[in-house]
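Note that full-length UniProt numbering has the sequence shown beginning at 1, numbered continuously upward.
Bear in mind the hints are in silico, worked out from the structure with no lab data behind them. All figures in this text were calculated on a predicted structure; none of them were measured in a lab. One or more of the hints may lead you astray.
[As the list claims (entries may be wrong)] Derived DEER-like restraints, expressed as beta-carbon distance ranges:
(1) M41 / G74: 22 to 30 Å
(2) E37 / L58: 16 to 24 Å
(3) M41 / Q76: 13 to 21 Å
(4) D33 / L56: 19 to 27 Å
The C-beta atom is built at its ideal place from N, Cα and C for all residues, glycine as well.
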Amino acid sequence: MQDNGDARQIAHAKLIDALPGLLDAEGRRSLCDWLAERQVMHDGQEDPGAVIVEGLELELAIAQVFRDLADRLGCQAP
1 MQDNGDARQI AHAKLIDALP GLLDAEGRRS LCDWLAERQV MHDGQEDPGA
51 VIVEGLELEL AIAQVFRDLA DRLGCQAP
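All chains, please: the whole structure from these sequences, using the hints.
Here it is as C-alpha coordinates:
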(Lines of atoms letter the chains of each structure in order from A and count residues from 1; the text may use other names and numbers.)
(Lines give C-alpha, C1' and ligand atoms only; values in the text may rest on other atoms or scores of the structure.)
Protein backbone atom coordinates (compact mmCIF):
# COMPACT_ATOMS: atom_id res chain seq x y z
CA MET A 1 0.00 0.00 0.00
CA GLN A 2 1.25 3.49 -0.89
CA ASP A 3 1.86 5.85 2.01
CA ASN A 4 0.06 9.16 2.41
CA GLY A 5 3.10 11.11 1.13
CA ASP A 6 3.05 9.21 -2.16
CA ALA A 7 -0.68 9.79 -2.52
CA ARG A 8 -0.18 13.51 -1.86
CA GLN A 9 2.54 13.76 -4.51
CA ILE A 10 0.41 11.93 -7.07
CA ALA A 11 -2.63 14.11 -6.32
CA HIS A 12 -0.55 17.30 -6.59
CA ALA A 13 0.92 16.18 -9.92
CA LYS A 14 -2.54 15.40 -11.30
CA LEU A 15 -3.83 18.80 -10.16
CA ILE A 16 -0.91 20.60 -11.82
CA ASP A 17 -1.49 18.64 -15.03
CA ALA A 18 -5.21 19.58 -14.99
CA LEU A 19 -4.77 23.30 -14.21
CA PRO A 20 -4.17 24.55 -17.77
CA GLY A 21 -7.52 23.14 -18.86
CA LEU A 22 -9.34 24.41 -15.78
CA LEU A 23 -8.16 28.02 -15.79
CA ASP A 24 -9.32 30.78 -18.07
CA ALA A 25 -6.71 33.15 -19.54
CA GLU A 26 -6.90 35.57 -16.60
CA GLY A 27 -6.62 32.80 -14.01
CA ARG A 28 -3.66 31.27 -15.81
CA ARG A 29 -1.94 34.66 -16.03
CA SER A 30 -2.54 35.21 -12.29
CA LEU A 31 -1.11 31.81 -11.44
CA CYS A 32 1.90 32.38 -13.68
CA ASP A 33 2.49 35.77 -12.03
CA TRP A 34 2.23 34.15 -8.59
CA LEU A 35 4.75 31.49 -9.58
CA ALA A 36 7.11 34.06 -11.15
CA GLU A 37 7.30 35.95 -7.85
CA ARG A 38 8.43 32.78 -6.11
CA GLN A 39 10.98 31.49 -8.62
CA VAL A 40 13.77 33.76 -7.44
CA MET A 41 14.93 34.28 -3.90
CA HIS A 42 14.82 37.96 -2.97
CA ASP A 43 17.72 38.49 -0.64
CA GLY A 44 18.42 42.16 -1.21
CA GLN A 45 21.76 41.44 -2.90
CA GLU A 46 22.49 43.11 -6.22
CA ASP A 47 25.29 40.68 -7.12
CA PRO A 48 23.97 37.11 -7.23
CA GLY A 49 27.53 35.79 -7.00
CA ALA A 50 27.93 37.47 -3.62
CA VAL A 51 25.12 35.47 -2.04
CA ILE A 52 26.21 32.69 0.25
CA VAL A 53 23.94 29.71 -0.42
CA GLU A 54 25.04 27.67 2.58
CA GLY A 55 21.96 27.10 4.71
CA LEU A 56 19.63 28.16 1.89
CA GLU A 57 19.40 24.81 0.12
CA LEU A 58 15.72 24.29 0.99
CA GLU A 59 14.71 27.78 -0.19
CA LEU A 60 16.66 27.34 -3.43
CA ALA A 61 15.03 23.94 -3.99
CA ILE A 62 11.56 25.46 -3.43
CA ALA A 63 12.30 28.21 -5.96
CA GLN A 64 13.38 25.51 -8.44
CA VAL A 65 10.11 23.61 -7.90
CA PHE A 66 8.16 26.81 -8.65
CA ARG A 67 10.21 27.23 -11.87
CA ASP A 68 9.43 23.62 -12.82
CA LEU A 69 5.71 24.16 -12.15
CA ALA A 70 5.71 27.30 -14.26
CA ASP A 71 7.34 25.34 -17.09
CA ARG A 72 4.73 22.58 -16.82
CA LEU A 73 1.98 25.19 -17.00
CA GLY A 74 3.52 26.92 -20.01
CA CYS A 75 4.23 30.18 -18.20
CA GLN A 76 6.69 32.64 -19.73
CA ALA A 77 10.04 32.96 -17.95
CA PRO A 78 10.16 35.91 -15.52
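Comparing the hints with the structure gives:
1. M41 / G74: 22 to 30 Å: 23 Å, holds
2. E37 / L58: 16 to 24 Å: Since E37 and L58 have Cβ atoms about 18 Å apart, the given range 16 to 24 Å holds.
3. M41 / Q76: 13 to 21 Å: 20 Å, holds
4. D33 / L56: 19 to 27 Å: Given a distance of about 24 Å, which is inside 19 to 27 Å, the answer is holds.
This entry satisfies every hint, going by the numbered hints stated previously.
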